[in-house]
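Enquirer: For reference, the chains in residue letters:
Number of protein chains: 2
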Amino acid sequence: MKAVILLSGGLDSSTILYQAKADGCECYAISFDYQQRHRRELESAKSIALSAGVKVHQIVNCDLTVWGGSALTDKRLELPKKRTLAEMSQNIPITYVPARNTIFLSFALAWAETLEADRIYIGVNALDYSGYPDCRPDYIQAMQEVFRLGTKQGREGNPIKIVTPLIDMKKTEIVQLGNKLGVPWEQTWSCYASGESACGVCDACRLRLAAFAELGLQDPVPYAAV
Amino acid sequence: MKAVILLSGGLDSSTILYQAKADGCECYAISFDYQQRHRRELESAKSIALSAGVKVHQIVNCDLTVWGGSALTDKRLELPKKRTLAEMSQNIPITYVPARNTIFLSFALAWAETLEADRIYIGVNALDYSGYPDCRPDYIQAMQEVFRLGTKQGREGNPIKIVTPLIDMKKTEIVQLGNKLGVPWEQTWSCYASGESACGVCDACRLRLAAFAELGLQDPVPYAAV
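From first to last, the protein sequence lines stand for chains A and B.
Everything in the first sequence is counted per numbering that gives the first Met the number 0, starting at 0 for the first residue and increasing by one.
Everything in the second sequence is counted per numbering that gives the first Met the number 0, starting at 0 for the first residue and increasing by one.
Do not take every clue at face value.
It does not matter which identical chain is meant; a pair holds if it fits inside one copy or across any two.
Mimicking EDC-like on lysine to aspartate or glutamate, the simulated pairs with C-alpha atoms at most 20 Å apart in a straight line are [unchecked claim]:
| no. | residue 1 | residue 2 |
| --- | --- | --- |
| 1 | Lys151 | Asp22 |
| 2 | Lys80 | Glu185 |
| 3 | Lys179 | Asp167 |
| 4 | Lys81 | Asp62 |
| 5 | Lys80 | Asp167 |
| 6 | Lys160 | Asp137 |
| 7 | Lys54 | Asp137 |
| 8 | Lys160 | Glu77 |
| 9 | Lys160 | Glu144 |
| 10 | Lys151 | Glu77 |
| 11 | Lys1 | Glu115 |
| 12 | Lys179 | Glu213 |
| 13 | Lys45 | Glu25 |
| 14 | Lys151 | Glu86 |
| 15 | Lys151 | Asp137 |
| 16 | Lys151 | Asp73 |
| 17 | Lys169 | Glu42 |
| 18 | Lys45 | Asp73 |
| 19 | Lys1 | Asp73 |
Hints were generated in silico from the structure; no laboratory data involved.
It should be emphasised that the depicted structure is a prediction, and the values quoted were computed from it without experimental measurement.
The shape of chain A in the complex, shown without the other chains (with noise of 0.2 Å):
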């Protein structure tokens, strides 16, 4: 069975990668280069990628701060810093890349179709999450019906499968999970900033330090004082 795992180098792609190979995948890890702030996290995804063993690691450019309209793709905006879990429930936050999603799955569904691919990986996470819409079962249910009318494969009536095993779960899942397959968290990389070390005060690294602590874990990755 062959799989391509849509690869950021944080926490979530990391540990859906692994649970691919569990699933007895050949992996093919797809990355973007889209000048994001935090490109930092490409070279937690390509150690990663080496680590889990994948057959290709494809990193993809394609630059999205032509048109920004997101703190991760213009510099100008400010991340939002230190705010509660609950405060991140509220809305979309101006860390939503526009269509990002929707443009990452696009590329993965071509080089999938192009392996002759049986799934594609991704790890959207609809719960303990910021907000985003292209996180959500309904969007993915969607991209599904694009894959299956929108390819030579799915008119054939074989469609690739979006696999989401980190859909329904709560962050500190995602973390045990992580734990039971290995995931070499200390390679990874969440942070929407982009220091040598992560910052401990954005959406995602508050996220991440609260599901380890709630598990009572030590987070291996480097945090600047706070």
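Position chain B against the provided structure of chain A, taking the given hints into account.
Expert: Frame of chain A, contents of chain B only:
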């Protein structure tokens, strides 16, 4: 009304750009340099965008030759030649580029959401075409659902609308529409090959020439002697 127009530089996309203008839209054209065999079409896209007086013309780089899978992105594969229209309509041809319209529509969606645009125009055509899966009405409907669920604007009840003026038209009807709208055909480029003149024998040339001939019109684009 703001609209993003997918502009390849060919006959169909040039016609929808002029249609969007006629519909009263402020036009933002987007083209893709995917290292296609017929990159010559990008020069046509630039000319047409200028002639139509678009507000911005964005050319996005996204190299699709890294995985190939099509005669348009892998020069080792041969272009079909001198096929009849009946032959073209039978199968999905080797010029099919996996997930191409899904990738293009995703980028257009990202830009449109950033611009707070109302519409995206795409020149897909389900008749008189080479059987591409991602040019059919059910596929477009599926993408429309992705637009609704996968964006902030869509979740807020104001999804960007995909407009497909040509979807049910025959190629002859498209030429007639373009004539009415004043599309400068001599600036357009449809040929899949990469010469100074259009080849006259690839599927795209054959479809185009047949339409002009059926209408008793002369196609002003230069063709190689066949």
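Enquirer: Compare the structure with each hint and give your call.
Expert: Taking the hints in turn, this is what the structure says about them:
1. Lys151 with Asp22: neither (26 Å within a copy, 33 Å between copies)
2. Lys80 with Glu185: For Lys80 and Glu185, the Cα distance exceeds 20 Å both inside one copy (23 Å) and across copies (55 Å).
3. Lys179 with Asp167: So Lys179 and Asp167 pass the 20 Å test inside one copy only (18 Å; across, 53 Å).
4. Lys81 with Asp62: Neither, since 28 Å and 39 Å both go past 20 Å.
5. Lys80 with Asp167: neither (26 Å within a copy, 51 Å between copies)
6. Lys160 with Asp137: Both, since 15 Å and 19 Å are each at most 20 Å.
7. Lys54 with Asp137: This pair counts as neither: shortest intra-copy Cα distance 31 Å, inter-copy 35 Å.
8. Lys160 with Glu77: neither (37 Å within a copy, 30 Å between copies)
9. Lys160 with Glu144: Cα proximity of Lys160 and Glu144: in one copy and across copies (10 Å, 18 Å).
10. Lys151 with Glu77: between (43 Å within a copy, 19 Å between copies)
11. Lys1 with Glu115: Classified as within: same-chain Cα gap 8 Å, cross-chain 39 Å, threshold 20 Å.
12. Lys179 with Glu213: Answer is within; shortest intra-copy Cα gap is 17 Å, inter-copy 67 Å.
13. Lys45 with Glu25: For Lys45 and Glu25, the Cα distance is within 20 Å only inside one copy (17 Å; across copies 42 Å).
14. Lys151 with Glu86: between (44 Å within a copy, 18 Å between copies)
15. Lys151 with Asp137: Between copies only: 14 Å across chains, 24 Å inside a chain, cut-off 20 Å.
16. Lys151 with Asp73: between (37 Å within a copy, 17 Å between copies)
17. Lys169 with Glu42: neither (26 Å within a copy, 50 Å between copies)
18. Lys45 with Asp73: neither (24 Å within a copy, 27 Å between copies)
19. Lys1 with Asp73: Classified as neither: same-chain Cα gap 36 Å, cross-chain 22 Å, threshold 20 Å.
Of the hints listed earlier, those the structure fails to meet are numbers 1, 2, 4, 5, 7, 8, 17, 18 and 19, in rising order.
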